[in-house]
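A.B. asks: As they're listed, the protein sequences go chains A and B.
What the first sequence shows, in this note's numbering, is residues 1484 to 1869, in sequence order.
What the second sequence shows, in this note's numbering, is residues 12 to 624, in sequence order.
Accuracy of the hints is not assured; some may be wrong.
For each label pair, taking beta carbons as the anchor points, the in silico distance ranges come out as [to be verified]: (1) 1858/A to 293/B: 26 to 36 Å; (2) 122/B to 1726/A: 45 to 55 Å; (3) 1798/A to 293/B: 40 to 50 Å; (4) 1866/A to 550/B: 28 to 38 Å; (5) 588/B to 1712/A: 54 to 64 Å; (6) 1828/A to 539/B: 46 to 56 Å; (7) 472/B to 1546/A: 41 to 51 Å; (8) 539/B to 1850/A: 37 to 47 Å; (9) 567/B to 1652/A: 21 to 31 Å.
Note that these hints are calculated values from the structure, not bench results.
Glycine included, each C-beta is placed from N, C-alpha and C at the ideal position.
Here's the letter readout for the chains.
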Amino acid sequence: MRAGPAAALALAAVALAAGCGSPGPAASGPAAEAPPGGAPFLATSLVTGAGTWAVVVMGGSVAAHNNFWQLFARPAGSSTWQLATPPGTADNGGLVLADAGGSLITGFRPSQYLTYTPLTLTSDGGRAWSSTGPLDAALANVPDALAAAPGSGTLLALLTDGTAELAAPGYTSWTTLATQRSLAATAAGRRCGLQDLTAAAFAPAGTPLLGGTCGHPGTAGIFADTGGTWHAAGPGLPAALAAQPIQVLRLTSTAGRTVALLEAGTGSGASLFAAWSPDGGSHWTLSPPLPLRGAGLTSASFGPGGSAAVITAANRGQIITGAGASWLPLPPLPPGTATLAPGPGGTADALAVHGGTLAVWQHVPGGTTWAKVQVVNVPIPYGSSG
Amino acid sequence: MPGMNSGINVSNPIVVAAFKAALVHQGLIALLIFALLGLAWVTVRISFPAAAATRAQATAPALAEPAWRQVLRIGFGVLWVFDGILQAQPKMAVGLPSQVIEPIAASSPRWVQQVVNWAGTNWSYHPMQAGAASVWIQVGIGIWLLAAARGPLSRLAGLASVGWGLVVWVFGESFGGIFAPGLTWLFGAPGAVLIYAVAGALIALPERAWRSPWLGRLTTAGIGLFLVGMAVLQAWPGRGFWPGTALGQPGTLAGMTGTMAQTPQPGFLSAWVNAFTTFDEAHGFAVNLVVVAALAVAGAAFLSGRPRLIGPVLAGFAVLCVADWVLIEDLGFLGGLGTDPNSMVPMVLLATAGYLAVARAPAAAAEPAAAQSATPVGWRERLRVADAPRAVASAGIRSVASAGAIGVIILGAAPMAVAQASPVADTILAQSINGSSNQVNFPAPAFSLTDQDGRAVSLVSLRGNVVLLTFLDDTCSVDCPLIAQEFRQAGQLLGADAARVDLVAINYNPLDIQVSYLQAFDRQEGLAGVPNWLYLTGTLAQLEQVWSRYSIPPPEIVPAGSMIAHGDYAFVIDQAGHMRQELGFDTGPGTQATKSSFAAELTDAARQLLGHS
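Bound-form chain A, shown alone:
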């Protein structure tokens, strides 16, 4: 025997067995590990007082550990993006952002042999970072896994095992706020038939919010913790959605309001709704539906004034400027668009990635094309992580 025949036999075996293969069962768990719309769902942008932030994965390598998540910042009042990735920690597992008022906190999702979540903080728009935390657990693989309470800076983290943990600034001492199981056992959780948790946020008043997927149709799984009691805080949905499964894709608070993105239905019949609440979930305004036509989301971002922009798996972009508005299709997205950064008045930047190059394209309302306005070359540290 020798390697040659062995390899040949192995190849032949694979060829013969290929027809017998079947896909494995879909991953399921307390916290959503598989992003709803595809692998790079962590790609997003958000607006804080310091400016606009965007996270995209770059590298273009087939080896996952050679693709690194990059943070870009566009300071308030500027139209130029700059690389602001916090240095010194491997971020090939994903970056998750939390707006902590005057500062931005990033969580580094675990990768390779690292199983916990380092945290770092900037208070100067990403020029200087300081270590904080860590969160001694694995942050969930969703863009809203980390949220900071306005004012207090208390951090809420959603873990891969479906636990929600809280920590005061310093972020070294974490306590469990809820688990998927404990939340599902509450009256609100039972009405929802809570299956998993997909998002964590704070209401503008500082109330912790958790979002998830309800097993019972027609129910939006958003929960608020008031005084240690969890109650349903999701929007009431139209009767037309009474038979539809509802999943909370995104949940965040920005500029004094809570914004959620909900997917209703499954497959080709699924639709996307945006919902806005000014009071932490007591009252909601629901957008018109955006038919997804079987194409899940690959990225969803929030901008000023409650605006939101999404990219579907069909590489189409849609934008909505805020409560009471309708979804507007964007022109065909530039190739490689990883996320959108909605701006004021329906403007948007498209951040397109090609290996180690980020191209920024701008769109103005009413326009039919995108204009390339900036190129940023990023020194991807290929091979630095094994």
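Once you've looked at the hints, dock chain B against the given chain A.
C.D. replies: Chain B alone, transformed into the frame defined by chain A:
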């Protein structure tokens, strides 16, 4: 398959050199064994001339060895020696698990992989001993078969062939691939070494079995049944052997031979295999038809048991086997890590023996008078101590050579058996990655830092214990967790000695210097409850001072999402605070075997300082 592959480059010069040196040393010992046995034999014969003369009178064979047994014994003896020589290829020590065993097992069911993985892991932990053992066991069995023509020693050689053949068949060939899809006689099913084992089993049969014509008939019937079965398997629809191409891709056979042609080999051979591949792609159906028909006809002939039928069929069958060996099996042993010439040569040997068995079948009653009149000598009589010198003097040169062959087998097997008793991998793996450690002796640079629980710790405070020291980045995602595991395993291996050894890491991260990060790292690595584990940190200025004192480069903060860039180091500090060893500690492939090897290296270093060897 976890553990099987050590991840070390098969051409690693340190391992290759060590393997060659081990073979040379053991080869010299093997020669010495034969020389000493020969000398002892000659000496005893001179001392006991009467016994030697008795032997001389008895050398006329009581019963000639049947020709077909001779074919099996000599043929497979030569094959074992040849296989043993192939095992001595420089890349074999490290390469056999990753490049031979693992690929073969890859297409087998999980339970087969688990069985094979056990052996592959053991091999990868002790590549020197395992590699050398394979050489000497196979050479020893071969010499034994060649030397011992008759009697219990010859039968024992057959049994040894069965035993080792089955070991190789199970662990080296994953049961010959019989549980994997794509099984075909053309590529060696049901495993070349199984044929060795069958031959060994025949050789191990008692003399009376060989005097019976039934043995030959049973053997030919067995061969016939096997060939018919292989014909059916080859003809079975849906297994992909009939079409030369499928959906524009080479069919099963052409795909296999096309892959074979890519392996390193002489150009003419590769050209022949390529030519056959092209031919099979164009005429796949015809090729398979010929193979199926040939196997069926040969099987039927052997099943008939008629020498007149088997003779001419055997000639054609031998031609088919040679063609298969060259054009499909590609000789089987070229390409750098071939372990045997595959199945066709042993197949022809077995078939020839089968033919001779029925063509020259002994008459059941034709037992020579000499054999009947010979007074059997029991093994108790032979082993009587007082009679031992006379027994040796009366022994033939074949018996002496057989004893030497047994010595060669033990020479290979004993170190492997001893190595198996050790739960850790050899330090040669760690040394193959970083070279040997620097032996030094100077006062270790002082440090005064804070441990993972916030307590002050200095080097002085550790006096009296051996200190195994390293530098770890607490958010490192690649090497540092592996090094931490190596230290943890070293602590476990030290057993009771661990109380006199401190496992110390100093933070090698200039950003995450808080104790909370050390604690998270400790929990991640299962080090939180290890009593002699200390993970130290301090202010950035303090850490920079320690890095500088220990002459290790300061960690580099790389932008754009990379972890901190840093080197991997370990130091061994004695009870008096003197630096005694500096080790490069690049973790290499980070496999179970290499981690274990690094742990063994640390353990050895600590034990040396504690006064244990």
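A.B. asks: Are the hints correct? Go through all of them and say.
C.D. replies: Structure-based check of all given hints:
no.	hint	result
1	1858/A to 293/B: 26 to 36 Å	violated, 53 Å
2	122/B to 1726/A: 45 to 55 Å	holds, 46 Å
3	1798/A to 293/B: 40 to 50 Å	holds, 45 Å
4	1866/A to 550/B: 28 to 38 Å	holds, 32 Å
5	588/B to 1712/A: 54 to 64 Å	holds, 60 Å
6	1828/A to 539/B: 46 to 56 Å	holds, 54 Å
7	472/B to 1546/A: 41 to 51 Å	holds, 44 Å
8	539/B to 1850/A: 37 to 47 Å	violated, 58 Å
9	567/B to 1652/A: 21 to 31 Å	holds, 30 Å
Hints 1, 8, counting from the list given before, are not met by this structure.
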